[in-house]
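Asks: As given, the protein sequences belong to chains H and L, one line each in that order. Here my numbering is used: position 1 in the first sequence is 21, and no number is missing along the way. Here my numbering is used: position 226 in the second sequence is 766, and no number is missing along the way.
Read the hints as simulated data drawn from the structure, not as lab findings. Yeah, the Cβ is synthetic: ideal placement off N, Cα and C, and Gly gets one too. Nothing false has been slipped in among the hints.
Restraint ranges, calculated between C-beta atoms of paired labels, are given here: (1) H:24 to L:568: 22 to 30 Å; (2) H:113 to L:569: 48 to 56 Å; (3) H:87 to L:639: 23 to 31 Å; (4) H:127 to L:565: 58 to 66 Å; (5) H:137 to L:586: 23 to 31 Å; (6) H:32 to L:687: 44 to 52 Å; (7) L:589 to H:127: 39 to 47 Å; (8) L:569 to H:127: 49 to 57 Å; (9) L:637 to H:109: 35 to 43 Å; (10) H:104 to L:642: 35 to 43 Å; (11) H:98 to L:560: 54 to 62 Å; (12) H:98 to L:713: 27 to 35 Å; (13) H:121 to L:568: 43 to 51 Å; (14) H:87 to L:565: 48 to 56 Å.
Over 12 Å on every C-beta distance to chain H, these chain L residues come out as not near it, computed from the model: (15) 551; (16) 554; (17) 557; (18) 595; (19) 600; (20) 627; (21) 674.
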Amino acid sequence: MKIVVDTDNGLAPWRQVHDQVIRAVTTGALPEGTRLPPIRQLARDLGLASGTVARAYRELEAAGWVATARARGTVVTVPSDRPDRTALLNAAAAEFAAHARDLGADLNTTLDAVRAAYGEGPTRVG
Amino acid sequence: MPWDNVLGVALIMGLFGLAILIVLWPGAKHGKRLLKRWGVPDPDDAEVALAVRYLKRRRLWYPWLFLAIPPVLDDTAAGTLFPTLLLGGLVAELLAQRPARGPRREAVLAPRTLLGIVPVWVLVLGGLAAAGSMVHLGLTAQWRLLAVAVATVLVSAAITLLAVRRPAVGDPRADLALRCRSARVAIGLGIGACTVIGWPTGNLVSFLAVAAGLAAFLAVTAPVKRLPAPA
Chain H
21 MKIVVDTDNG LAPWRQVHDQ VIRAVTTGAL PEGTRLPPIR QLARDLGLAS
71 GTVARAYREL EAAGWVATAR ARGTVVTVPS DRPDRTALLN AAAAEFAAHA
121 RDLGADLNTT LDAVRAAYGE GPTRVG
Chain L
541 MPWDNVLGVA LIMGLFGLAI LIVLWPGAKH GKRLLKRWGV PDPDDAEVAL
591 AVRYLKRRRL WYPWLFLAIP PVLDDTAAGT LFPTLLLGGL VAELLAQRPA
641 RGPRREAVLA PRTLLGIVPV WVLVLGGLAA AGSMVHLGLT AQWRLLAVAV
691 ATVLVSAAIT LLAVRRPAVG DPRADLALRC RSARVAIGLG IGACTVIGWP
741 TGNLVSFLAV AAGLAAFLAV TAPVKRLPAP A
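Please take these sequences and the hints and turn them into a complete structure.
Replies: Here it is as structure tokens:
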């Protein structure tokens, strides 16, 4: 399971790590009980400060997505109030729709863009 | 020695080193062969480029170390091979510790451990070879050789740990293959060097120790056909 951080995309690196771990747990790419890399290893691999990765892990732990034990390190857990896939999809769609409205795109153009992103059709810029 | 002689020797050694470097300089086919031997059966171009850079980082240092070590160790060329390979590997692993640059960085979400890269039996063989030669040298009061053996073990261990520690680069399977190769070759060279250093006399016990050391060296440095399972 790979994680990618783009320091140019405007989102804080800790947030990118945080969001990708949640996505991986939600989609089942990281099953419950999976050990995550130690903070220093992940920070070195991503060229980030240890504090940046530590913050991502701290936020994940606070939300119940991971648990840290001295012997086992950081392990994936399932939070009791974990949103299901439909709820996550709806949240992502709402966020995307808001972006599309900000760009002045109508519904059809927006759907075309989604289809193109899925590899199902051409992008039409309106 | 007069200065013009020193300059002449340095010039000849430099040209000789350059010639070795040209012969050793790796290309794409060397990178591909390396990956295939270490468990990546069908490497793509990016993986081959990674392997070539890995080889270049080592081979760049070999000629200069090979030429510089004999005067330092007061040794012959034959005894220079192990230190050359070990120090070349150490420099390469130290260079590989530099953090990822560029805006887009990738990592694998799995812990990396020493035992995930080197099997236990390799570590046991390395420990036995190191302990055997050091105890033998200590008992026979060969302090200078004991110091060389200790230094060899430290360099070998340092390369192994640095190979586990260095930041991930490129495709995970090629990265893992190159880490495995670094660690196993370092431990194998450590076994070989400790055996050569630790059992210099020509009696039966020494002969058996050298034979066992050689067998261990070959077993440890033999390429693995299958990569270890990710942690």
